[in-house]
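K.L.:
Quick note, the sequences are listed as chains F and U, same order. Okay, so the first sequence: first residue is 137 according to the working numbering, each after it adds one. Okay, so the second sequence: first residue is 1163 according to the working numbering, each after it adds one.
Hints listed in this document are in silico derivations from the structure and should not be mistaken for laboratory results. Please note: incorrect hints may appear among the correct ones.
For each label pair, taking beta carbons as the anchor points, the in silico distance ranges come out as [what the hints assert, rightly or not]:
no. : chain 1 : residue 1 : chain 2 : residue 2 : range
1   : U       : 1262      : F       : 721       : 42 to 50 Å
2   : U       : 1470      : F       : 185       : 22 to 30 Å
3   : U       : 1510      : F       : 604       : 53 to 61 Å
4   : F       : 347       : U       : 1257      : 44 to 52 Å
5   : F       : 306       : U       : 1286      : 49 to 57 Å
6   : U       : 1295      : F       : 188       : 32 to 40 Å
7   : F       : 143       : U       : 1234      : 51 to 59 Å
If you want the ones that stay clear, here's a sample from chain F, every Cβ over 10 Å from chain U, calculated [claimed, not checked]:
no. : residue
8   : 166
9   : 184
10  : 233
11  : 256
12  : 310
13  : 348
14  : 354
15  : 373
16  : 379
17  : 611
18  : 651
19  : 666
20  : 721
To give an idea of the interface, some chain U residues facing chain F are shown, with a C-beta separation under 8 Å as derived from the structure [to be verified]:
no. : residue
21  : 1200
22  : 1224
23  : 1229
24  : 1232
25  : 1252
26  : 1285
Computed from a predicted model, the values in this text were never measured in an experiment. Ideal placement from N, C-alpha and C gives every residue a C-beta, glycine not left out.
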Amino acid sequence: MGTYSGGLWSWITTVDHKRIGILYFVSSLFFFLVGGIEAMLIRLQLATPENTLLTAQAYNQLFTMHGITMLLFVVMPMSAAFFNFVVPLQIGARDVAFPRLNAFSYWLFIFGALFLNASFFFGGAPDVGWFAYANLTSSQYSPGHGVDFYILGLALAGAGSIVAALNFIVTIINLRAPGMTFMRLPLFTWMTFVVSFLIILAFPPFTISTVFLLFDRMFGTLFFEPSGGGDPRLWQHLFWIFGHPEVYILILPAFGIVSDVIPTFSKKPLFGYPVVVYSGVLIAFLGFGVWAHHMFSVGLGRIANSAFSGLTMLIAIPTGVKIFNWIATMWGGALRFKSAMLFSIGLVAMFVIGGVSGVMHSSAPADLQQTDTYFVVAHFHYVLFGGSILGLFAGVYYWFPKVTGRFLNEPLGAVHFWLMFIGMNLTFFPMHYAGLHGQPRRTFTSPAGLGFEWFNVVSTIGAVITFVAVFVFLVNFIRSLRTAPTAEANPWEASTLEWSIASPPPVHNFDRTPEVRSRDPLWHDGIVLPAAEEVFHMPNPSYWPLVTAAGLLVLMTGALVGLPLVLIGGAVAVVGIYGWSFEPIH
Amino acid sequence: MTDGRPRLPGRRRQLAFAALALAALFVACGGDFPQSSLRPQSDVAREIDSLFRGIFWWAMGVLVVVEGALLFTVFRYRERPGAARPKAVHGNTVLEIGWTIAPAVILIFIGVPTMLTLWRIDGPPPSSDVRVEVVGHQWWWEFRYPDLGITTANELHLPVGKTADVRLRSGDVLHSFWFPRVSGKRDLVPGRENSLWFTPDSVGVYPGQCAEFCGTSHALMGMRLFVDSPEDFEAWAARQASPQEAEGDPAPAEDPMVTAGREIFFGAGGCISCHAIRGTVAAGVIGPDLTHVGSRSTIAAGLLENTPENLAKWIMDPQEVKPGNLMLDMGLNDEQAGQVAAYLLSLE
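So that you can see chain U by itself, here it is in the shape it has in the complex:
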């Protein structure tokens, strides 16, 4: 039993190494975190963040005390050669009561703010300035503004300082709506309506994504939140609410690419069986509404920048870009895909 002595220098070295590695990690990770829950930009997200920070420091206190006690014990009471057998202590009632009550007291300091925060954020919205209906689909987001006559996809616009009253439904399986900068998660449950509210307080663009596993391309179900100034939001809403002109009625100086693309979209491409463009005969309900797809910054649920090349790639081979999704490869060639992309980008 004599080789039971701890290898102290080695252990200290390893601890120091681990500490250094962790410190390096903090430094290396001091970058920009656009999707971070620790950089809140709304009333609800700020409430959650300050609650979390309070709990965090209580937890750190407990961690330091317990790990400190453990380390002290391990170093202090290692076996020493020739020492007498330790006294057999079977317990101590006062200590037991003490370390039962101490965590209970700490839990009061965590539990009370938890309940208060929960009561404020998990109830009906304080006001309902902008109503939004969210429908989750494998693997994209449908956003409707019932009061504004807008239906769009994957990019949510909200005016700064107004409370968004968000209703959540699912078109197929479970999803979870999550923009970490403005709110916690809320699931989209098939057959039910869920709700959520928050008031964004800073103009900006914030990424979000589905947070409940929803099948093959769950990882590719992103979205973007644009928090606009009131004027920008007004302008955006007015444009989005307007329909497109009917097909077969091209503007005088239209790009021939666009004209050709429109022809394919409404004809051989078969696009209208799934997609809608308000103001035209395209009224499909399976895929995203494309009325103003040219005004979006991304396509395929936040996956690709909305450029002619990316759009053409997506149209040509949707399964390669997003495995398992419902969009069909309609067998268009390079040229045709480019033309359809040109037409779609003209829908601003």
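Just chain F, with the same shape it has in the complex:
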């Protein structure tokens, strides 16, 4: 069909949302392995008390980079891979609203991620935690370049996220096919829409706080320096105003995926569609008002703590509503346990565990014992691994035939699921006990005799099993890519628009823009195709987004190396923007 033909240059200059989605996916898979290896090293170090496999310095770099990598270079870009590939197809569009800007987002993300990981080879990665609390990050207490890599790398990747989010907001508002009203949008598109708003509202406070930090470190300002009247708590507030919505940026795409997968494999429409949509919006809205529940031990006082406690508890309501609606969707259905469905059910089962432990530390007094312990580590891995990762794998199995025209092997998929399910529970469940019995987080070693030994042994065994599960997936992935393309347009008998076109889709997606007449168009004869052949224009490939992003990468590198490189990078970026502006579009 020509969708993926062409050499390396055609991928470098692509502005096709499908190809950019694939680039995001492959990149995030690479970083999934990187973050997974970091996790394995962490678990091996913690397998026995007073272990000396890793030094304190190495361990601190690894736990910092594991967090950053998994959150910002795996879950977000893998979600973005689906945003890119699926959303235009689900709304009946030929591409996103700004195709070149879309390529620019990808290049910023990959340059930021590679730049930050390069720190391992240039004096050491950041070792201050992904939360990078001031004033440990000051030039006095972190004299190396690790923190600078953190600031500059996340500035690049964060800018990419903001640009992409704007692109998707404009796309979803403007490029919907006729009849595709908001209350007919597939849930995955809805959650993409919500998450895009979260990104453009949550990332700027983080960007601003990293700029403050950059100024503190490079130009001697005193935003977070207590001896100069600054306040380290300012960083914590700004960070969590970003950091808590970020949690919903990570989980809502997975919620969107399972909200599409469960109806398909239950052969029933989503139960309570408007309620599932509104609860997603409500979760996102409340997510901006609960940041200080990460700060109950900071000493903000009982009035602040009780307000943030109460608001946090409220989030349990819309989250519970979503779960009840998924179960009600399956109730009375005809469930087909394909791999995508196994992972979706796994998400529901595991997210509930993460949800109830979340309610336990929404209670500020209880959290004073739980915060910064392995209980919290257990909680958020049930949410992020049991939720986001399982949900994203559901998406991989679900949309793989649409993307490639091929199927992932189903028996191997089931092996992958069960190994991962058992592995993650063995890894994370004992952490609840370790935490409540007093094991703090972010410690490169723990003394013998505190009773944590068995919990940690079991966690490490679970991590090994999880790693094997990922290996099974990779084998399946590579093998399946070599099978014959046999997938028809709608192999799962799904209801949404992306399944109305060939697998893989042609470059222009839709031969004729469909007119949509119902929420589940493929189930209810809800598509009307116009009789007349349309004339449509596809955007030309362009290397200017890459040039501009590369200029910014050089500029960031210059901030570490010296002013000349800053100027060169800035000049390249300006040339990139100029070329971009005057390039013919079609």
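Use these hints to put chain U onto chain F, whose structure you have.
P.N.:
Just chain U now, with coordinates in the frame of chain F:
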């Protein structure tokens, strides 16, 4: 689509295996947990613990109901060959309202006790029997008793049944003060003073450690709480408040090791530039006060038992024991380190 049938026996086996593994875990982990938040030994810790147990059972109830409903649905409604396409149900307003209200009601039962507990424990102390000032350092704890004239490190002594009024500050970066058996955490924030109170109710020794990431050796920032009987506390406080005799004035029958160690401590070793020994010229403020270091059970912030060998090891190579800490390797040889250790241990 026919291979969509669930592999039931396999799934049951795996579930049973998982359940067995978890059960084995409970048994294997029934040991002693000296740092556990679930074994409270103070008024505040007991309040938090009973609040947590209440929330825990509500959460378990929700967990069982939701997971039960999920499992039932998954087993009951698997696709059966030849069955008609399921009825397309789009929703049910009564159900939606029901499962919105139900969690809200449960949250009231969690939220009200939360607020009541918070109000009691997160306010000013009911009384101020023993005042303690805690200063966090990378990576050790300074404890001062302003009313008793005591400054010590890493080992906190409190009398049983008296309310401790703890003020928390930091000498460098964020730390968090945490003895799980007697209290929740409270951060030590540079440039601010935080406070915390609790009334320990059982004599004993309880481990604690820093709970906010504070740099390279955050994991090695431990401490110990000694809850003493009133008499023991009185005796301890009286001894700690007394200064040491001035240097160059050895007792008649002093161990020559101690004499030699004292000479190095105040001379070539350079120890006094960072450490203080009250009653002597040693008045350094960078490292821990060593006035009664011989009476402590551990050194290096709870990391090592306070023995001559460990002390000598610590003096010889502090970076090996605790990476990144500020203590310098003063280039002492084995013999000199042993002598300094002997002198320090004599400071009871």
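K.L.:
Each of the hints needs a verdict: does it hold here or not?
P.N.:
Here's how the hints hold up against the structure:
Checked against the hint of 42 to 50 Å, the pair residue 1262/U and residue 721/F passes, with Cβ atoms roughly 48 Å apart. The given range of 22 to 30 Å is respected by residue 1470/U and residue 185/F, whose C-beta atoms sit roughly 25 Å from each other. Taking the beta carbon of each, residue 1510/U and residue 604/F are about 56 Å apart, inside 53 to 61 Å as hinted. Look at residue 347/F against residue 1257/U: about 49 Å separates their beta carbons, and that is inside 44 to 52 Å.
Evaluation of the 49 to 57 Å hint for residue 306/F and residue 1286/U yields a pass: the beta carbon distance comes to about 53 Å. The hinted range of 32 to 40 Å is satisfied by residue 1295/U and residue 188/F, whose Cβ atoms lie roughly 36 Å apart. A beta carbon spacing of about 54 Å between residue 143/F and residue 1234/U agrees with the range 51 to 59 Å that was offered as a hint. No beta-carbon of chain U is positioned within 10 Å of the beta-carbon of residue 166/F; the least distance is around 28 Å.
The non-interface label for residue 184/F is consistent with chain U: the shortest C-beta to C-beta separation is roughly 14 Å, beyond 10 Å. With a closest Cβ-Cβ approach of about 31 Å to chain U, residue 233/F is found to remain outside the 10 Å limit, as its non-interface label requires. Every beta carbon of chain U lies more than 10 Å from that of residue 256/F, the smallest distance being close to 17 Å; the non-interface claim holds. For residue 310/F, the shortest C-beta to C-beta distance to chain U comes to about 28 Å, beyond the 10 Å cut-off, and the non-interface label holds.
Every beta carbon of chain U lies more than 10 Å from that of residue 348/F, the smallest distance being close to 16 Å; the non-interface claim holds. Even its closest Cβ contact with chain U, about 20 Å, leaves residue 354/F beyond 10 Å, as expected for a residue assigned away from the interface. Chain U leaves residue 373/F outside its interface by the beta-carbon criterion, the shortest separation being 13 Å against a cut-off of 10 Å. Non-interface call for residue 379/F relative to chain U: holds, since the shortest CB-CB distance, roughly 15 Å, exceeds 10 Å.
The non-interface label for residue 611/F is consistent with chain U: the shortest C-beta to C-beta separation is roughly 20 Å, beyond 10 Å. Once the 10 Å rule is applied to beta carbons, residue 651/F is consistent with being away from chain U; the minimum gap is 22 Å. The Cβ of residue 666/F lies farther than 10 Å from every Cβ of chain U, with a closest approach of about 28 Å, so its non-interface assignment holds. The beta carbon of residue 721/F sits about 42 Å from the closest Cβ of chain U, which is more than 10 Å, so the claim that it is off the interface holds.
A least Cβ separation of about 6 Å between residue 1200/U and chain F falls short of the 8 Å threshold, and the interface hint therefore holds. The criterion of a C-beta within 8 Å of any C-beta in chain F is met by residue 1224/U, whose closest approach is roughly 6 Å, and the hint holds. Below 8 Å, beta-carbon pairs count as interface contacts, and residue 1229/U has one with chain F at about 6 Å; its hint therefore holds. About 6 Å separates the beta-carbon of residue 1232/U from the nearest beta-carbon of chain F, less than 8 Å, and the hint is met.
With 8 Å as the threshold, the beta carbon of residue 1252/U comes within range of chain F, its nearest partner Cβ sitting at about 6 Å, so the hint holds. With a cut of 8 Å, the hint placing residue 1285/U at the interface with chain F holds, because the nearest CB-to-CB distance is about 6 Å.
Consistency with the previously given hints is maintained throughout, with no hint failing.
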